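Chains as they are written, first to last, in numbering that gives the first Met the number 0: chain A, 0 to 170; chain B, 0 to 391; chain C, 0 to 389.
Hints listed in this document are in silico derivations from the structure and should not be mistaken for laboratory results. Being a predicted model, the structure only gives us computed values, none of them experimental. We put the CB at the ideal spot given by N, CA and C, even for glycine. One or more hints might be untrue.
[What the hints assert, rightly or not] From the derived model, a few chain B residues whose C-beta atoms are all more than 12 Å from chain A:
| # | residue |
| --- | --- |
| 1 | 11 |
| 2 | 32 |
| 3 | 136 |
| 4 | 140 |
| 5 | 274 |
[What the hints assert, rightly or not] Below, a sample of chain B positions facing chain C; criterion: calculated Cβ distance under 7 Å:
| # | residue |
| --- | --- |
| 6 | 54 |
| 7 | 66 |
| 8 | 124 |
| 9 | 128 |
| 10 | 185 |
| 11 | 186 |
This is what each chain is made of:
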Amino acid sequence: MTQRIASYPGTALSEEDIERGHVLSVHDQLRADYAWDAGLAIGLYLDGLKAGVILGVRCRRCDRTVVPPRAFCEQCFAPMDAFVPLADVGIVNTFSLCYVTWDVKRIVEPLIPAVIDLDGTSPPAGIMHLLGGVVPDRVHIGMRVRAVWKPARARQGAITDIRYFKPLRRG
Amino acid sequence: MSMRRVAVVGAGMTRFVRRAMETPKELAWHASRMALDSCGLTLNDVGGVCIGSAPDAFDGVHMKGEYLSDGSGAWGKPVMRSYVGGGTGVFLGPHGWYHVASGLFDVVLVVAEEKMSSFYPHAQAAFLTIFDHTTERPLEPNLLWIFALEMNRYMQTYGISKRDIAQVAVKNKRNAADHPCAMLGEANITVEDVLNSEVLAWPVQRLDVSPVSDGAVAIVMAAEGVAERITDRPVWVQGVGWNLDTAYWTNRDLAYPEYVERAARMAYEMAGVREPRKEIHVVEPYDPFDYKELHHLEGLLLADRGKAPELTAQGVTARNGAMPVCPSGGLLGVGNPITAAGLMKVAELFWQLRGEAGARQVPGTPERGLAQAWGDLMQVGTVTILGTQRPS
Amino acid sequence: MTHPVAIIGVGWSGFRPVTPDVSYKELIYEAAVRAYADAGVDPRRDVDSFVTVSEDFHEGTSIFDEYVPDQIGGAQRPVHTITGDGLHGLAAAVMQILTGRFRVVVVEGHSKASNILTLPHITAYALDPILNRPLQVNPLAVAALEACRYMHESGATREQCGAVVTKNRRNALRNPAAAYGADLRTEDVLASEVVASPLARLEISDHADGAIVIVLADAETARRLSPHPAWIRGIGWANDSPSLESRCWARAVYAERAAAMAYKMAGIGNPVEEIQFAEVDDTYAYKELQHLEALGLCAQGRAGPLTREGATAPDGCLPVNVSGGSLGVGHLLEASGLARVLEVVLQLRGHAGSRQLGDVYTGLAQSWRGVPTTSGAVAVLSNQLGGRES
Ligand SMILES: [Zn+2]
Numbered sequence: 000m001t002q003r004i005a006s007y008p009g010t011a012l013s014e015e016d017i018e019r020g021h022v023l024s025v026h027d028q029l030r031a032d033y034a035w036d037a038g039l040a041i042g043l044y045l046d047g048l049k050a051g052v053i054l055g056v057r058c059r060r061c062d063r064t065v066v067p068p069r070a071f072c073e074q075c076f077a078p079m080d081a082f083v084p085l086a087d088v089g090i091v092n093t094f095s096l097c098y099v100t101w102d103v104k105r106i107v108e109p110l111i112p113a114v115i116d117l118d119g120t121s122p123p124a125g126i127m128h129l130l131g132g133v134v135p136d137r138v139h140i141g142m143r144v145r146a147v148w149k150p151a152r153a154r155q156g157a158i159t160d161i162r163y164f165k166p167l168r169r170g
Numbered sequence: 000m001s002m003r004r005v006a007v008v009g010a011g012m013t014r015f016v017r018r019a020m021e022t023p024k025e026l027a028w029h030a031s032r033m034a035l036d037s038c039g040l041t042l043n044d045v046g047g048v049c050i051g052s053a054p055d056a057f058d059g060v061h062m063k064g065e066y067l068s069d070g071s072g073a074w075g076k077p078v079m080r081s082y083v084g085g086g087t088g089v090f091l092g093p094h095g096w097y098h099v100a101s102g103l104f105d106v107v108l109v110v111a112e113e114k115m116s117s118f119y120p121h122a123q124a125a126f127l128t129i130f131d132h133t134t135e136r137p138l139e140p141n142l143l144w145i146f147a148l149e150m151n152r153y154m155q156t157y158g159i160s161k162r163d164i165a166q167v168a169v170k171n172k173r174n175a176a177d178h179p180c181a182m183l184g185e186a187n188i189t190v191e192d193v194l195n196s197e198v199l200a201w202p203v204q205r206l207d208v209s210p211v212s213d214g215a216v217a218i219v220m221a222a223e224g225v226a227e228r229i230t231d232r233p234v235w236v237q238g239v240g241w242n243l244d245t246a247y248w249t250n251r252d253l254a255y256p257e258y259v260e261r262a263a264r265m266a267y268e269m270a271g272v273r274e275p276r277k278e279i280h281v282v283e284p285y286d287p288f289d290y291k292e293l294h295h296l297e298g299l300l301l302a303d304r305g306k307a308p309e310l311t312a313q314g315v316t317a318r319n320g321a322m323p324v325c326p327s328g329g330l331l332g333v334g335n336p337i338t339a340a341g342l343m344k345v346a347e348l349f350w351q352l353r354g355e356a357g358a359r360q361v362p363g364t365p366e367r368g369l370a371q372a373w374g375d376l377m378q379v380g381t382v383t384i385l386g387t388q389r390p391s
Numbered sequence: 000m001t002h003p004v005a006i007i008g009v010g011w012s013g014f015r016p017v018t019p020d021v022s023y024k025e026l027i028y029e030a031a032v033r034a035y036a037d038a039g040v041d042p043r044r045d046v047d048s049f050v051t052v053s054e055d056f057h058e059g060t061s062i063f064d065e066y067v068p069d070q071i072g073g074a075q076r077p078v079h080t081i082t083g084d085g086l087h088g089l090a091a092a093v094m095q096i097l098t099g100r101f102r103v104v105v106v107e108g109h110s111k112a113s114n115i116l117t118l119p120h121i122t123a124y125a126l127d128p129i130l131n132r133p134l135q136v137n138p139l140a141v142a143a144l145e146a147c148r149y150m151h152e153s154g155a156t157r158e159q160c161g162a163v164v165t166k167n168r169r170n171a172l173r174n175p176a177a178a179y180g181a182d183l184r185t186e187d188v189l190a191s192e193v194v195a196s197p198l199a200r201l202e203i204s205d206h207a208d209g210a211i212v213i214v215l216a217d218a219e220t221a222r223r224l225s226p227h228p229a230w231i232r233g234i235g236w237a238n239d240s241p242s243l244e245s246r247c248w249a250r251a252v253y254a255e256r257a258a259a260m261a262y263k264m265a266g267i268g269n270p271v272e273e274i275q276f277a278e279v280d281d282t283y284a285y286k287e288l289q290h291l292e293a294l295g296l297c298a299q300g301r302a303g304p305l306t307r308e309g310a311t312a313p314d315g316c317l318p319v320n321v322s323g324g325s326l327g328v329g330h331l332l333e334a335s336g337l338a339r340v341l342e343v344v345l346q347l348r349g350h351a352g353s354r355q356l357g358d359v360y361t362g363l364a365q366s367w368r369g370v371p372t373t374s375g376a377v378a379v380l381s382n383q384l385g386g387r388e389s
């Protein structure tokens, strides 16, 4: 490869090439709108969140309780319909201090996404959410946290009905 | 039933660049043309085409495989695009393999293309839509989150430091200085440079990450009996494996990539590899983030759990080490046009095993190499094992 | 094929215009459970590999293959996606089994089209972004352009296209799974509003939600597990040019080439003699006619007259889309080709209920990926291998 090929195809452009119009481009914005059916299991999960409850589901065959709920067990492939309320308390499985938003804007105060293993799941199963009400440097794996809910009237049946999770003890 | 053996007989690639002037079709054409030229074939010799490309959102084209088909030499031919997210590039090994091994095709052209720069203002924003639309997307996650979460868990579980991990970025970016298509080769980069780079999503910093890129790679695969007529040095597909774990990623052990182990075991079994640490002579694991190379070496059973950093520190994984890892420069050094970067790893094995890797050539005469990629929500492992020996 | 592959299990859920009661995962799970029960396999133990078909923009999720394993029993197993029609997925499964390293492979396809609120915009996004998209033409126009040229060259008439619609929607009345059964007259079709001439509203299939799962096996496993294997005697797929500027507008070249590949594999020299019934793509009414000619099931220009004469009706000499086709069942996005295969399998088994054809042993399923593509696939299935068995 390296010996025989003198030069490789592919022409690098700079920002300037675009900005000054050295090369032309076509701009287009996609109109993509969806309304996803939540279905049975996630429908119940969202109903639960609106009521201030995090719902898990239990597989009797596999003897495990998981969250988010699902209508079938991905391990044994049996249906699951034993929906159970979980505590809104859990343990930080892992976290990050993130200084960029989803669309890559720089921020000063980090967002703190985490996987939080919820009490009542077994073996431990988590959800992804945000941590708040904590000094970023004090966050650590193994920290106990509790959900901070939106006021009942403001809840819409969405994962954002939980504002964030904050440390049980002062961090 | 005895299997029909399959070989790689040609390869080509474009430069990997931050923003390419060429359209996606043109990038695919350049790589395809080069791969065919490299083994003296024309499109008339090609029975079918396999395409790999990651999310349509990058190129901004729905049904991107259809759009890419003529640029990939598939006009009038059977063409199929396979898709396992970031794992797609290396999955093209199994995909091309089963086309030929099935007996339906004697020669296939296998093409991977990615043009991430089309997405405005930044390709990373396209990744928002990889998260579950109901349970995760409303939190406005950045792609970096899942890597940062996994990296942190990996570090915590085994007591691994940022400094241990940064060595991988240094090794690969230095290796890439010898790659004519690389966008990030840096012969003099140091661990301090990595540790002092901008924090994006702690523990992930700027130089821990491979950047978005544009580029294309193509290989030609042929059946036994045909391959030997095309080249006197076919490189044989000895093993392939792939494995997809549950989508419920927050329910999983993030410290260890079990799906990689399962994919690797599938490939080792097919290749008859019993002691991978002795029998794999050059490794191209997926390294979009520096910790990922370590994580994957462990999943591939090429290092004990939590011990891959030690191999790196000891120089075992250096290009002239006992088990060269990412001699190409990997994604961290060559660039990361997702599927093209994956297929680049397979192409690198082809060149290394033929002794054609120039300044990147690993010492000795390697007989067997392994390429691996990972994708989706830290979920899929894909493995291609190539070797100079025709499988028995 | 020296080592034939068979379909040993089929399962489906839907097909309905909307399915607000189930998520896509639950919809697919239902189809999967039925398919595994039908095949007598446990997906967690007996299946060697899974192939799913989907397109990101139809799901509203990038890298949608992330979300496919759990509801098909594929977690921690070899699973991969083909961004193609279900028949492409079927071809991938056939190839895997033919390597000799896989015995049982599963194919899944689905549609949650009702969840896509801006489908025409999504489809337009498949047009070339530089050459075509800035013209802001509804992508349906691509079909209209093709229909215009096809009718010009073949002599097919609007009445003949209308006859396709009335036949397929009437056939759907006998298919309990179909979403759009109706008893229409050709005049109703011709009187429906013109959307993009020559296409009128009722010549365009409506979408439905649904999922289809198919279980394939190698010959030995198929004989062991299934009382009624449907043998895949031939499979083929091909593309014409994706570019609007260089494709053939009159003929379905992709279907001609896909059929040639499938017939060669099946050892079929004269499809008119050997194919007894067909399920072909009818996304638009003219497509059924164009495809029948491309498949060599009638001479160029003959599909229209034959349809008017009733030759393609269930009691005709070549029943076409007895299921109701996409016009009658509903267009199922990437699962559309699997719906064609499903009907062929049910007919070959004698499980097609009140629409069962008498004494059939070889059928054909064909798919097209819709505008603006020139991508299609063909499968030939038989309930007996005859002298071909090795
Ligand atoms: Zn279970």
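### Query
Failing hints, ascending?
1, 2, 3, 4, 8, 10, 11
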